[in-house]
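Chains as they are written, first to last, in numbering that gives the first Met the number 0: chain E, 0 to 317; chain Y, 0 to 482; chain P, 0 to 220.
These are computed hints drawn from the structure, not numbers from a lab. Do not rely on the hints blindly, as some may be mistaken.
Quick list of in silico lysine to any residue cross-link-like pairs, SDA-like style, CA-CA up to 20 Å [stated by the list, open to error]:
1. Lys-182/Y - Asn-150/Y
2. Lys-182/Y - Met-178/P
3. Lys-299/Y - Ile-146/P
4. Lys-182/Y - Ser-208/P
5. Lys-182/Y - Glu-59/P
6. Lys-299/Y - Gln-431/Y
7. Lys-479/Y - Val-200/Y
8. Lys-479/Y - His-196/Y
9. Lys-182/Y - Ala-52/P
10. Lys-288/E - Ser-26/P
11. Lys-182/Y - Gln-121/P
12. Lys-299/Y - Thr-358/Y
13. Lys-288/E - Val-98/P
14. Lys-479/Y - Val-326/Y
15. Lys-299/Y - Gln-363/Y
16. Lys-369/Y - Ala-448/Y
17. Lys-182/Y - Pro-206/Y
18. Lys-299/Y - Met-360/Y
19. Lys-54/E - Leu-219/E
20. Lys-182/Y - Leu-271/Y
21. Lys-479/Y - Tyr-469/Y
22. Lys-288/E - Ala-223/E
23. Lys-288/E - Pro-99/P
24. Lys-58/E - Lys-288/E
25. Lys-288/E - Ala-35/E
26. Lys-299/Y - Glu-59/P
27. Lys-54/E - Ala-223/E
28. Lys-58/E - Tyr-75/E
29. Lys-288/E - Leu-208/E
30. Lys-479/Y - Arg-278/Y
31. Lys-182/Y - Ala-55/P
32. Lys-288/E - Arg-28/P
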Amino acid sequence: MNHVVNAGAWLAQLVAVTTAIAAAPLLMGWVNQCRAWLQNRSGAGLLQPYRMLRKLLYKDAAIASAASPLFRVTPYILFGAMVCAAAVIPSLGTTLPFTAAADTIALVGLFALARVFIALAAMDIGTAFGSLGARREMLVGFLAEPALLMVFFTVSLIAHSTALPTMAQALAHRGAAIYPSLAFAAVAFLMVLLAENARIPIDNPATHLELTMIHEAMVLEYSARHLALIEWSAALKLFNYCCIGLALFLPWGLGAGDWRSLVPALGFLTAKLAVAGAALALIETFSAKMRIFRAPEFLATAFLLAVLGLLVHLLLGS
Amino acid sequence: MELLILLCIPLLGAVLLALVGERDWAPEANSLMSFATFAAGAALTVRVIGSGPMLAFHEQFFVDPFNVFLVALTAFVGFTTSLFSRPYMRVEQHHGRLNRSQLRLYHSMYQLFTFTMLLALLTNNMGILWVAMEGATLTTVLLVSLYRTPNGLEAAWKYFILCGVGIAQALFGTILLYFAAEKVLGAEGTTALLWTHLNQVKGELEPVVLSLAFVFLLVGYGTKVGLVPLHNWLPDAHAEGPTPVSAVLSGLLLNVALYAVVRCKVLVEGSLHNGMAGRLMMAFGLTSVVVAAFFLWRQKDIKRLFAYSSIEHMGIVTFAFGMGGPVANFAALLHMTVHSLTKSAIFFAVGHAAQKAGTQMIEQIHGLLKLSPTVGWGLMLGSLAILGLPPFGVFASEFLILTTAMRDHPWAAPILLLALGVAFAAIFSRVQSMVFGEPSLSRLPHAPALLPVFAHLLLVLALGLFIPPYLAGWYRLAAKLIG
Amino acid sequence: MANLPLSSQIINLCAAVLLLVSFAMLSQRRVLSLVQLFALQGAVLCLSTITVAWTAGRSELYVSAAVTLALKVLLLPYILHRLIRALNARWETELLLNVPATMLVGLLLVIFSFGLAQPISQLAATVTRSTLGIAIAVVMLSFLMMITRRKAVTQVIGFLAMENGLFFAATSATYGMPMVVELGVALDVLVAMLILGVFFFQIREQFDSLDLRNLEALKEE
Numbered sequence: 000m001n002h003v004v005n006a007g008a009w010l011a012q013l014v015a016v017t018t019a020i021a022a023a024p025l026l027m028g029w030v031n032q033c034r035a036w037l038q039n040r041s042g043a044g045l046l047q048p049y050r051m052l053r054k055l056l057y058k059d060a061a062i063a064s065a066a067s068p069l070f071r072v073t074p075y076i077l078f079g080a081m082v083c084a085a086a087v088i089p090s091l092g093t094t095l096p097f098t099a100a101a102d103t104i105a106l107v108g109l110f111a112l113a114r115v116f117i118a119l120a121a122m123d124i125g126t127a128f129g130s131l132g133a134r135r136e137m138l139v140g141f142l143a144e145p146a147l148l149m150v151f152f153t154v155s156l157i158a159h160s161t162a163l164p165t166m167a168q169a170l171a172h173r174g175a176a177i178y179p180s181l182a183f184a185a186v187a188f189l190m191v192l193l194a195e196n197a198r199i200p201i202d203n204p205a206t207h208l209e210l211t212m213i214h215e216a217m218v219l220e221y222s223a224r225h226l227a228l229i230e231w232s233a234a235l236k237l238f239n240y241c242c243i244g245l246a247l248f249l250p251w252g253l254g255a256g257d258w259r260s261l262v263p264a265l266g267f268l269t270a271k272l273a274v275a276g277a278a279l280a281l282i283e284t285f286s287a288k289m290r291i292f293r294a295p296e297f298l299a300t301a302f303l304l305a306v307l308g309l310l311v312h313l314l315l316g317s
Numbered sequence: 000m001e002l003l004i005l006l007c008i009p010l011l012g013a014v015l016l017a018l019v020g021e022r023d024w025a026p027e028a029n030s031l032m033s034f035a036t037f038a039a040g041a042a043l044t045v046r047v048i049g050s051g052p053m054l055a056f057h058e059q060f061f062v063d064p065f066n067v068f069l070v071a072l073t074a075f076v077g078f079t080t081s082l083f084s085r086p087y088m089r090v091e092q093h094h095g096r097l098n099r100s101q102l103r104l105y106h107s108m109y110q111l112f113t114f115t116m117l118l119a120l121l122t123n124n125m126g127i128l129w130v131a132m133e134g135a136t137l138t139t140v141l142l143v144s145l146y147r148t149p150n151g152l153e154a155a156w157k158y159f160i161l162c163g164v165g166i167a168q169a170l171f172g173t174i175l176l177y178f179a180a181e182k183v184l185g186a187e188g189t190t191a192l193l194w195t196h197l198n199q200v201k202g203e204l205e206p207v208v209l210s211l212a213f214v215f216l217l218v219g220y221g222t223k224v225g226l227v228p229l230h231n232w233l234p235d236a237h238a239e240g241p242t243p244v245s246a247v248l249s250g251l252l253l254n255v256a257l258y259a260v261v262r263c264k265v266l267v268e269g270s271l272h273n274g275m276a277g278r279l280m281m282a283f284g285l286t287s288v289v290v291a292a293f294f295l296w297r298q299k300d301i302k303r304l305f306a307y308s309s310i311e312h313m314g315i316v317t318f319a320f321g322m323g324g325p326v327a328n329f330a331a332l333l334h335m336t337v338h339s340l341t342k343s344a345i346f347f348a349v350g351h352a353a354q355k356a357g358t359q360m361i362e363q364i365h366g367l368l369k370l371s372p373t374v375g376w377g378l379m380l381g382s383l384a385i386l387g388l389p390p391f392g393v394f395a396s397e398f399l400i401l402t403t404a405m406r407d408h409p410w411a412a413p414i415l416l417l418a419l420g421v422a423f424a425a426i427f428s429r430v431q432s433m434v435f436g437e438p439s440l441s442r443l444p445h446a447p448a449l450l451p452v453f454a455h456l457l458l459v460l461a462l463g464l465f466i467p468p469y470l471a472g473w474y475r476l477a478a479k480l481i482g
Numbered sequence: 000m001a002n003l004p005l006s007s008q009i010i011n012l013c014a015a016v017l018l019l020v021s022f023a024m025l026s027q028r029r030v031l032s033l034v035q036l037f038a039l040q041g042a043v044l045c046l047s048t049i050t051v052a053w054t055a056g057r058s059e060l061y062v063s064a065a066v067t068l069a070l071k072v073l074l075l076p077y078i079l080h081r082l083i084r085a086l087n088a089r090w091e092t093e094l095l096l097n098v099p100a101t102m103l104v105g106l107l108l109v110i111f112s113f114g115l116a117q118p119i120s121q122l123a124a125t126v127t128r129s130t131l132g133i134a135i136a137v138v139m140l141s142f143l144m145m146i147t148r149r150k151a152v153t154q155v156i157g158f159l160a161m162e163n164g165l166f167f168a169a170t171s172a173t174y175g176m177p178m179v180v181e182l183g184v185a186l187d188v189l190v191a192m193l194i195l196g197v198f199f200f201q202i203r204e205q206f207d208s209l210d211l212r213n214l215e216a217l218k219e220e
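Isolated chain E (complex conformation) (with noise of 0.2 Å):
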């Protein structure tokens, strides 16, 4: 892209990064508020994950005497990935400069990177839970991987093109026309975000139970400022994912990413977001969670999902 980069556009995607960064945890936080309220229970606060990643930073981090560096260097590839996917994503306006860095399928990748290096990190040690987390990780990815290249697939049909700001914009100006397959792959990502970022149907953050954890086994060995890493980038990814699907299936109100939109954007961001993880805690309120073992139907379904949609857009048009 040529087009003419000022010091107001890095500016203002200096503004997107940070607020991805910073307001991750708090996303993290909402909706496990909304959830203690769902539930009936008070809830730690909005601004317990803050106080976690405090504590742990705080702490003296002990490393196993069987670690490879690569143990302790996939934290910090892990959170470099995520903000690296959040500066691409175009969360507040289209024309960042980083927007255009990279596509969705780019961006698939990166969030695979960062699945490979995890899986990698917890099978280093040679606990068994650390290897039982990895191979439930893979397991997952496998379907959720092509699942969320079709939902991207199907998007990118009707917008005539695979840059996330682009299929943005046009979703946001198409009009009132009803897109059965658009839905369906609204459903299917969502089912893909549930998968991916370790909710309720497929995981449950919350627990250790050695039985169904997958995210939980896998950094069971890490402590203190890796751990904090690793939890902030677990609570980035959410905001990514939120921020993806924002993008694709809620595109209104996006800015063209100059600074005088910028502040509007914001304001319709976390509007958006506060609804997004209010649905997401009602969704998982609702929801039991699955056997591991029906994993793999789940994420099938979401497949499926996404091909229908790519399917009927191609059979309907729409």
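We have chain E; now place chains Y and P onto it with these hints.
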């Protein structure tokens, strides 16, 4: 007018027998209704022979030489079967296999079944044809499951599911046909599904759609004809239902389903002009003949044996219709007639034999000839007739089909001959062991009705020796119509 | 593509929902939910028929829609509900094929149907022509459901769903068949359902269950 009467009698009969079908005189009433139907059918036939094809009731009904001969045949076999079923069902009741309410159901459904078949034959509307075929399926499902034994239920369930799925394919084919016709005939009127109208414009119908439609129609109605590999339901339904039902299934329902296929083929061929429909039918027909002939060897149940023989003969007829041309069509029509008559006669004889033996297992039936010469001879002669021995009519039609095949499709003739040979050996050896030897059977409380057996066989014999000129002319007319 | 009239969009939406419902039925293990899905399918069918009737100005289609509503949304599900309660056949014990594999086969069937419908859709003049592929897909998926299930009730629901697909094919390709035929088909379906209802009781009486594995006595040895 005859047409209306013809359709009303069995419908009326169904209602009447639904009310009083359990009375002692119900079998006679059933026969009487069937006779009335036959009389009306005969009157209609005479009328059509006299004054040519006719349309009735806003063109919704249509009679031409092709269907009127099937109407006559259906009414006739329906009547004779009702005569046969009179003592047969009494014996079944006596044996405690049926109670009165089941008997009522049987009589009512028998009439309704006749009605649906006649409706399917007489209607001009391809959609109504479908509705009537489905109706025939439903009534026969009830008839097949009449005994409510585990096997009977299984057979009926299989029959329902397979034919239901099959007939759904046929509905889709009909939809496609309508879709093609609507473009030419216009959607506003209701003429777009009328066969006579379709026949007039068949050259303009969209070939792509029609070829697809024909595949669905052939598969759909072909399931009901019992073409291999869609034949699975047929032996079970024949073996587990009451014997009169086996007789009408083989003798009539298969014909009516094949009639539907042929009607569709006429339209499709007229649109495509590439012989695709004919070749498909030939392939299905030939497969059925060969597969059925080899399956005959594995049968232990006498009714299953003859059910497979029905598949074989339906295959022959389908093959002949597939070849097309005046001679092959003539032979196919003749074969349809003689097969109906012979096969129902065989089932009558088999029914009595099985009742005497108390089993349908071939191994346990011996010495029919000693115990009841009429049943024994009926079965023996019927089997010889169905195997195509001269001078029976089956020989004439099979001979015609074979010679036509030799002329037009020389590759098919040896296959056909081989299959016929295999079938001959299989059936003959089994029937022989049943008819001869020392008897192992008991007497029955009601005298069997063997008049229908010999009446049918006599007719078949007559048709083999001499086809009356008016009948031949009639067949020729129908054969030309089919093209 | 955003220029499609609203009615076409509604019909397309209905078609998509029908397809979705078919897949849901394919994966559903609870028989009662299956009946609800079947009723939903009927309702969507009814909606799409009304839309077609309104768009094309074909008043006889309103009658079809009314028949659909009465028969497939209200009467048949009601009968099925009663039957299932009476027979206590709420759970499908097992599927012949696991769900992801069934789904995959279903997807292939959908692709096949779309391919099959392509040449026909191009010839059609109706506003709904593009939905023909979905109609065929619904038929195929119902067929698949009948094959992969063992309970008698599920097979029957599959049969009825297949009829729904055919009805949808008729409305989408040709604005529906002539009225007599539609009514005849509806009558046949109703009678079939009643007969099958009686059948269920007889099967259960004989075998003590509605599992069709009991019905495997008759085969060529």
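Cross-check of the supplied hints:
Restraint check for Lys-182/Y and Asn-150/Y: not satisfied, since their Cα atoms lie roughly 48 Å apart, outside the 20 Å limit. Annotation: proposed proximity of Lys-182/Y to Met-178/P holds, straight-line Cα distance about 18 Å (limit 20 Å). In summary, the hint linking Lys-299/Y to Ile-146/P is not supported, as the alpha carbons are separated by about 29 Å, beyond the 20 Å threshold. Pair hint Lys-182/Y plus Ser-208/P does not hold up; C-alpha atoms about 50 Å apart against a cutoff of 20 Å.
For a cut-off of 20 Å, the pair hint linking Lys-182/Y to Glu-59/P stands: about 19 Å separates their Cα positions. For the proposed pair Lys-299/Y and Gln-431/Y, the alpha carbon gap of about 14 Å is at most 20 Å, so the pair holds. At most 20 Å may separate the alpha-carbon atoms for a hinted pair to count; Lys-479/Y and Val-200/Y meet this at roughly 18 Å. For a cut-off of 20 Å, the pair hint linking Lys-479/Y to His-196/Y stands: about 18 Å separates their Cα positions.
For the proposed pair Lys-182/Y and Ala-52/P, the alpha carbon gap of about 19 Å is at most 20 Å, so the pair holds. Restraint check: the Cα-Cα separation between Lys-288/E and Ser-26/P comes to about 18 Å, which is no more than 20 Å; the hinted pair holds. Using a Cα cut-off of 20 Å, the hinted pair Lys-182/Y and Gln-121/P holds, with the two alpha carbons roughly 13 Å apart. Restraint check: the Cα-Cα separation between Lys-299/Y and Thr-358/Y comes to about 11 Å, which is no more than 20 Å; the hinted pair holds.
For the proposed pair Lys-288/E and Val-98/P, the alpha carbon gap of about 18 Å is at most 20 Å, so the pair holds. Restraint check for Lys-479/Y and Val-326/Y: satisfied, since their Cα atoms lie roughly 9 Å apart, inside the 20 Å limit. Pair hint Lys-299/Y plus Gln-363/Y holds up; C-alpha atoms about 10 Å apart against a cutoff of 20 Å. Simply put, Lys-369/Y and Ala-448/Y have alpha-carbon atoms about 18 Å apart, close enough for the 20 Å limit, and the pair holds.
Simply put, Lys-182/Y and Pro-206/Y have alpha-carbon atoms about 12 Å apart, close enough for the 20 Å limit, and the pair holds. For the hint linking Lys-299/Y to Met-360/Y, the alpha-carbon distance of about 6 Å falls within 20 Å, and the restraint holds. Distance restraint check for Lys-54/E and Leu-219/E: the Cα-Cα separation of roughly 17 Å lies within the 20 Å cut-off, and the hinted pair is therefore satisfied. Only pairs whose Cα atoms come within 20 Å are accepted, and Lys-182/Y paired with Leu-271/Y is accepted, the gap being roughly 17 Å.
A C-alpha spacing of about 15 Å is found between Lys-479/Y and Tyr-469/Y, which places the hinted pair at or below 20 Å, so the restraint holds. Taken as a hint, the Lys-288/E and Ala-223/E pair is broken in the structure, with Cα atoms around 29 Å apart against an allowance of 20 Å. Simply put, Lys-288/E and Pro-99/P have alpha-carbon atoms about 19 Å apart, close enough for the 20 Å limit, and the pair holds. Our distance criterion of 20 Å between C-alpha atoms is broken by Lys-58/E and Lys-288/E, whose separation comes to about 33 Å.
For the proposed pair Lys-288/E and Ala-35/E, the alpha carbon gap of about 17 Å is at most 20 Å, so the pair holds. For the proposed pair Lys-299/Y and Glu-59/P, the alpha carbon gap of about 54 Å is over 20 Å, so the pair is violated. Distance check on the hinted pair: Lys-54/E and Ala-223/E sit about 8 Å apart at the alpha-carbon level, within 20 Å; holds. For the hint pairing Lys-58/E with Tyr-75/E, the CA-to-CA distance comes to about 17 Å; that is within 20 Å, so the pair holds.
Annotation: proposed proximity of Lys-288/E to Leu-208/E holds, straight-line Cα distance about 12 Å (limit 20 Å). Simply put, Lys-479/Y and Arg-278/Y have alpha-carbon atoms about 19 Å apart, close enough for the 20 Å limit, and the pair holds. Of the supplied pair hints, the one linking Lys-182/Y and Ala-55/P holds, its CA atoms being roughly 16 Å apart against a limit of 20 Å. Taking the CA atoms of Lys-288/E and Arg-28/P, the gap is near 18 Å; set against the 20 Å cutoff, the hint holds.
In this structure, the hints that do not hold are numbers 1, 3, 4, 22, 24, 26, in rising order.
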